[in-house]
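Numbering (numbering that gives the first Met the number 0), first residue to last: 0 to 323.
It is worth saying that the hints were derived from the structure and are not from the lab. Model, not experiment: these values are computed from the prediction. Warning: the hint list may mix true and false statements.
Said to hold, decoys possible - Straight-line C-alpha distance at most 30 Å; calculated DSS-like pairs for lysine-lysine:
no. : residue 1 : residue 2
1   : K63       : K119
2   : K92       : K135
3   : K63       : K92
As the list claims (entries may be wrong) - Now the in silico label distances, taken between C-beta atoms and shown as ranges:
no. : residue 1 : residue 2 : range
4   : R295      : L70       : 34 to 40 Å
5   : G170      : P305      : 39 to 45 Å
6   : D141      : E49       : 40 to 46 Å
7   : E308      : K119      : 30 to 36 Å
8   : A68       : A132      : 36 to 42 Å
9   : N53       : K119      : 15 to 21 Å
Heads up, the beta-carbon is just placed ideally off N, CA and C, and yes, glycines get one too.
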Amino acid sequence: MTILVTGVAGFIGAAVAEGLLARGEAVLGLDSLNAYYDPRLKRDRLARLERRRNFRFLQLDLAKRGALAALQGEDFAAILHLAAQAGVRHSLKDPWSYLASNVDAHLEVLEFARHLPRLKHLVYASSSSVYGASTKLPASEDDRVHDPLSLYAVTKRTGELMSRCYARLYGLPQTGLRLFTVYGPWGRPDMSPFIFARAILEGRPLTLYDQGRMRRDYTAIDDVVPGVLAALDCVPQADATGVPHRIYNLGSDSPIAVNDFLAELERLCGRKALIEPAEASEAEPESTWADIGAARRDLGFAPRTPLAEGLARFVAWFRDYYRL
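Kindly produce the complete structure, drawing on both the sequences and the hints.
See below:
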């Protein structure tokens, strides 16, 4: 049977779809191909998938109520819901798009999923942002997540609560994945690896918040994909309260200061960055750090990519793709 992947032209969606196709799965991919960042990059990711057997694509905006009626008659073994409006800082500028893409669209997927008679599992992407203002590190799935720092975090936590509700009401097995700062080839242009590399290679100043003291649990896409596939294969049973819903952190369990991350990029690019200092954003935490004990235990999740290796792959791809 086919696996449905939403957000398939996105960074993580495209990489996961490639992983599914590589192991012989049939994939139907959905994406709105919106212009939050350069649609050419999305189309180029999609073109790579369209060269593979057993892949189909349909352009759909899941934020529109009834959008998935276009799939009437299709049946799916599983759904990977990776579509979302990402970006913490952008949620301060365009909050409405986050409600549409991360709440309305999540509900559209849940309503569609609960009527599929042979669906075994729905896996959806959440975010480390849900940990908000918590200073407890490393962050565990059992921690209270009640103090968000951004609307983006609010919408991702809302998605988790909606999924747990549907798991309880309809017995729909679901797994949420809290992803920690994923980077690598074909990454997102709004994230620091992209922003820093472009500025360094083009000789332009880059904005460095809080003197680069913030720490992030940078996680290589090559480690994330096996984690997502393992989660897909591990259908949750009912927990102690009778609800078939689990949440896992997927991170490197190795936080790194932004300054050190930037220094490694400078080394790989062979140039020094031109720095424009800026105050820290109140919408972002000082540090992120994933406790991945549960994912190790249940999913066999084991990040193996050192930062230097992961960034080397990213810079090689970036220079080739942009001819820099």
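For each hint, the structure was consulted:
no., hint, result
1, K63 - K119, "25 Å, holds"
2, K92 - K135, "29 Å, holds"
3, K63 - K92, "21 Å, holds"
4, R295 - L70: 34 to 40 Å, "35 Å, holds"
5, G170 - P305: 39 to 45 Å, "42 Å, holds"
6, D141 - E49: 40 to 46 Å, "41 Å, holds"
7, E308 - K119: 30 to 36 Å, "35 Å, holds"
8, A68 - A132: 36 to 42 Å, "40 Å, holds"
9, N53 - K119: 15 to 21 Å, "18 Å, holds"
The structure shown violates none of the earlier numbered hints.
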